[in-house]
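Colleague: Chains as they are written, first to last, in this note's numbering: chain A, 1 to 90; chain B, 1 to 110.
By construction, these hints were calculated from the structure, which means they are not laboratory data.
Ranges of calculated distance between the beta carbons of each label pair, as one might list FRET restraints:
no.: 1; chain 1: B; residue 1: Glu57; chain 2: A; residue 2: Asp72; range: 12 to 22 Å
no.: 2; chain 1: B; residue 1: Glu79; chain 2: A; residue 2: Thr89; range: 23 to 33 Å
no.: 3; chain 1: A; residue 1: Pro4; chain 2: B; residue 2: Asp14; range: 42 to 52 Å
no.: 4; chain 1: B; residue 1: Gln98; chain 2: A; residue 2: Met1; range: 39 to 49 Å
Using N, Cα and C, we set each Cβ at its ideal position, and we do this for glycine too.
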Amino acid sequence: MAGPVQQEMERLLKEAFSPTRLDVINDSAKHAGHSGDDGSGESHFTVVIEAPAFADKSRLERQRMVNRALGDIPGERVHALAIQASAPTS
Amino acid sequence: MSDTNQRIADIVGDNDVVLFMKGTPLFPQCGFSSRAVAILDHCGVAYDSVDVLQDMEIRQGIKAYSDWPTIPQLYVKGEFVGGSDIMMEMFEAGELQQMMDEKQVSKAAS
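Next up, chain A with everything else stripped away, as it sits in the complex (with noise of 0.2 Å):
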């Protein structure tokens, strides 16, 4: 059952990108007791994500559009989010 955090990052990155691939996954649990784990259960996440916006732009480029994005989740309210961003090939 995906928390309320990955729950709103899959709604903005649907909203914002229409991807063709998403996968929000959650780590937490792998980094549960150390620095960084707030206890939420939501704190270390990847995303996964392959959408047209992304075609043509550079890696800084593309996780620059995926952070902002998500507004104040990346860094604030989650502690870690690891993003492999990509353009549909053909």
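Given chain A, work out where chain B should sit, using these hints.
Modeller: Frame of chain A; chain B shown alone:
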């Protein structure tokens, strides 16, 4: 420009390769910072690190400096390169090593 911005500008201006991280290269306090250190070590370049956990002004200021919400952050010759995801992608593609060569950064003492 705020004082903190100026301090950051001085740090990235004075050092070829700078990693803003949580903890130190010997004792990283976060998995992403640990990964960034490992990548730089593999590249064999000399780098300086700034432990943002020791300096709240830098910790907040660095996010605004490059409009980038997370740490670690890598700067080469004053230019923001990215966080650990980008470092890893570039390293795996051989692009990070190539960039270090092109920018002629100093090698780590072996």
